[in-house]
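All chains, please: the whole structure from these sequences, using the hints.
Listed below, chain by chain, are the residues.
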Amino acid sequence: MNRSSSFNWLGWLIFAGLLSMWEYGARANPKLQFYIPPVSEILVALFNLSASGQVAGHLLATVSRFVQGYAIAALLAVSLGVLLGYFRSAYGILEIVIEFLRPMPSVAIIPVAVLTLGIGDGMIVAVTVYASVWPILVNTIDGVKHIEPILIDTARTFGLRRWAILWRIVVPGAAPYIVTGLRISLSIALILVTTAEMIAGSRGLGFFILDQERSFNSSNMYAGIIIVAALGYGLNRLFLTLEGNVLRWRRGMIAQQPV
Amino acid sequence: MRESKLSGVLFLLLLMVVWELAAQRQWLNPLIVPPLSRIFASFGSLVAAGDIPLQILASLKRAAIGYVLAAAVFIPLGILMGLFDGCRRALDVIIEMLRPIPPPVVIPVALLFFGLEDEMKIFVIFFSCAWPILLNTLEGVRSIERLLLYTARTFGLSHARIIWQVVLPASSPQIMTGLRISLPITLILVVISEMVGSADGIGYFILDAQRRFKVAQMYAGMLALAIVGYGLNLLFNLAHRTFLAWHWGMLREQQR
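Line by line, the protein sequences give chains A and B. Per the numbering used here, the first sequence starts with residue 1, numbered consecutively. Per the numbering used here, the second sequence starts with residue 1, numbered consecutively.
Accuracy of the hints is not assured; some may be wrong.
Only pairs whose alpha carbons sit at most 20 Å apart, straight line, appear in this in silico EDC-like list of lysine to aspartate or glutamate [what the hints assert, rightly or not]:
1) A/Lys145 with B/Asp85
2) B/Lys5 with A/Glu41
3) B/Lys5 with A/Asp121
Have a look at the derived ranges for each label pair, beta carbon to beta carbon [stated by the list, open to error]:
4) B/Arg180 with A/Gly118: 49 to 55 Å
5) A/Ala51 with B/Ile181: 38 to 44 Å
6) B/Glu119 with A/Tyr233: 25 to 31 Å
7) A/Ser52 with B/Glu119: 33 to 39 Å
8) A/Ile98 with B/Arg25: 24 to 30 Å
9) B/Arg180 with A/Leu19: 40 to 46 Å
10) B/Leu147 with A/Ala71: 23 to 29 Å
11) B/Thr151 with A/Gln33: 52 to 58 Å
12) B/Leu80 with A/Trp12: 16 to 22 Å
13) A/Gly17 with B/Phe113: 43 to 49 Å
14) A/Ala51 with B/Phe40: 52 to 58 Å
15) A/Leu19 with B/Val68: 26 to 32 Å
16) B/Leu14 with A/Gly53: 40 to 46 Å
For the record, the hints were derived by calculation from the structure and aren't laboratory data. Glycine included, C-beta positions come from ideal geometry on N, C-alpha and C.
What follows is the structure in structure tokens.
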């Protein structure tokens with residue numbers, strides 16, 4: 001977000017000041033420590049949890065559910081989106097069903113998933129897939145619709161088969177939109193995984209954080225939140241790096257356009 | 001276009017008939033998939049008895065307070081940060097530290113502070129709407145032509161009037177974007193927080209119905225939620241069209 005690449009001294013100074021105020025305030029008011037333990041204690045808890053491996057299992061569970069759910073959703077939504085965007089009649093048939101399902105907050109599906117799949121990894125992955133599909137699907141359809149018809153006509157003139165057109169013209173053409181959908185779904189998938197873990201889980205970071213709150217281990221709870229935040233940050237970074245690599249051709253194209 | 005709409009409606013009707021038949025003949029476990037007719041009947045009686053409207057009202061009250069509070073705090077903050085670079089740099093690090101936290105993870109913290117009260121849900125909604133509203137407002141203000149601001153200053157307008165008559169109108173499309181993104185987030189978070197810790201609200205209602213195996217009621221609650229989501233979106237569009245008619249027109253134009 002910084003336009004200047006120089007180090008943001010002011011921001012970090014204020015951040016450090018806030019942390020030391022937190023530390024001091026918590027130490028000065030023992031009553032408050034139940035709600036807001038000193039920062040140092042949270043960091044100690046974070047270290048202990050990581051060193052003892054207590055949190056590793058939860059982290060692993062969350063990551064594996066996230067990866068499965070997100071990957072399945074991406075695969076499903078992109079292929080369905082390409083087909084629906086390309087074959088208009090198919091879209092016409094499904095449009096109303098999609099518009100009907102989309103406004104319902106996706107978390108409301110959790111009880112249905114618990115009913116059908118019970119409590120476990122399958123349920124959490126299924127819920128994540130359901131919620132992450134929508135942004136990718138809608139953006140992919142949009143992207144396919146925005147492709148210049150000339151491109152497709154040209155490909156057809158050159159005698160490309162339908163699948164070749166889909167794979168070599170339509171998918172790359174819609175890529176920027178697809179990436180937008182994938183980026184939105186990245187945070188949605190993490191939200192759904194942690195939510196499902198809180199509501200019906202016995203493992204995972206969402207479960208861990210809520211469980212620590214219920215047993216009044218507030219230091220551990222905050223430590224868990226730091227881990228989830230780090231996970232979210234890392235996933236986002238990873239995504240941006242991959243996006244930069246995959247869409248490099250497009251950046252070059254935009255740069256060539258006269259402004 | 002009209003033809004495809006018709007086929008869409010027909011397909012939806014076909015799906016519903018298949019569902020009804022499959023449930024009636026018990027091809028699917030009736031404990032999981034009750035007939036549609038029973039879901040609609042349950043929905044009708046729950047609405048008539050006032051159960052569903054009451055739960056929806058409880059949820060909407062929390063959602064509205066959290067949403068409005070977030071807008072009231074973070075639009076002005078975004079404007080300040082957009083206008084004064086020092087202000088933005090001062091808060092930048094804190095924001096970047098808090099932003100990657102997935103909103104539902106804040107629920108345990110809110111539980112710790114507020115227990116099962118309304119304030120718990122309001123805080124969670126407030127927190128989760130903060131980033132879309134703040135960052136969009138900030139971007140909107142920063143992308144205003146500096147010339148506009150200089151001109152306003154040259155004409156001797158006071159700070160308050162510059163903000164009210166130049167900055168706010170010029171950044172309103174982006175502010176609107178932030179508010180629009182926050183709308184479904186609000187609804188999602190109110191449902192999640194009611195599922196995790198509450199004694200009423202539509203999120204609680206749905207999860208509770210599932211736990212008691214009142215499956216038709218559970219689906220009825222989901223139907224109600226979908227209607228609310230749809231209605232809120234319509235309402236937002238109406239507000240957009242009324243207050244920012246010029247921008248609404250521009251958007252329509254682009255979509256063509």
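Here is how each hint holds up against the structure:
For the proposed pair A/Lys145 and B/Asp85, the alpha carbon gap of about 40 Å is over 20 Å, so the pair is violated. Taken as a hint, the B/Lys5 and A/Glu41 pair is broken in the structure, with Cα atoms around 60 Å apart against an allowance of 20 Å. A threshold of 20 Å between alpha carbons decides the hint, and for B/Lys5 with A/Asp121 the separation of about 38 Å lies outside it, so the pair is violated. Restraint check, B/Arg180 to A/Gly118: a C-beta distance of roughly 37 Å breaks the suggested window 49 to 55 Å.
In this structure the supplied range 38 to 44 Å holds for A/Ala51 paired with B/Ile181, their Cβ-Cβ distance being about 39 Å. Against the hinted window of 25 to 31 Å, the Cβ-Cβ separation of B/Glu119 and A/Tyr233 comes to about 28 Å, which satisfies the hint. Restraint check, A/Ser52 to B/Glu119: a C-beta distance of roughly 35 Å satisfies the suggested window 33 to 39 Å. For the hinted restraint 24 to 30 Å between A/Ile98 and B/Arg25, the CB-CB distance of approximately 27 Å keeps it satisfied.
Between B/Arg180 and A/Leu19 the beta carbons are some 34 Å apart, a value that contradicts the proposed interval 40 to 46 Å. Separated by about 48 Å at the C-beta atoms, B/Leu147 and A/Ala71 break the suggested range of 23 to 29 Å. At about 54 Å, the beta-carbon gap between B/Thr151 and A/Gln33 stays in the expected band of 52 to 58 Å. The hinted range of 16 to 22 Å is satisfied by B/Leu80 and A/Trp12, whose Cβ atoms lie roughly 20 Å apart.
Between A/Gly17 and B/Phe113 the beta carbon distance is about 23 Å. The supplied range of 43 to 49 Å is therefore violated. The hinted window of 52 to 58 Å between A/Ala51 and B/Phe40 holds, with their beta carbons roughly 56 Å apart. Distance hint for A/Leu19 and B/Val68: a CB-CB separation of about 31 Å, consistent with the stated range 26 to 32 Å. The beta-carbon spacing between B/Leu14 and A/Gly53, approximately 53 Å, falls outside the hinted interval of 40 to 46 Å.
Against the hints set out earlier in the document, violations occur for numbers 1, 2, 3, 4, 9, 10, 13 and 16.
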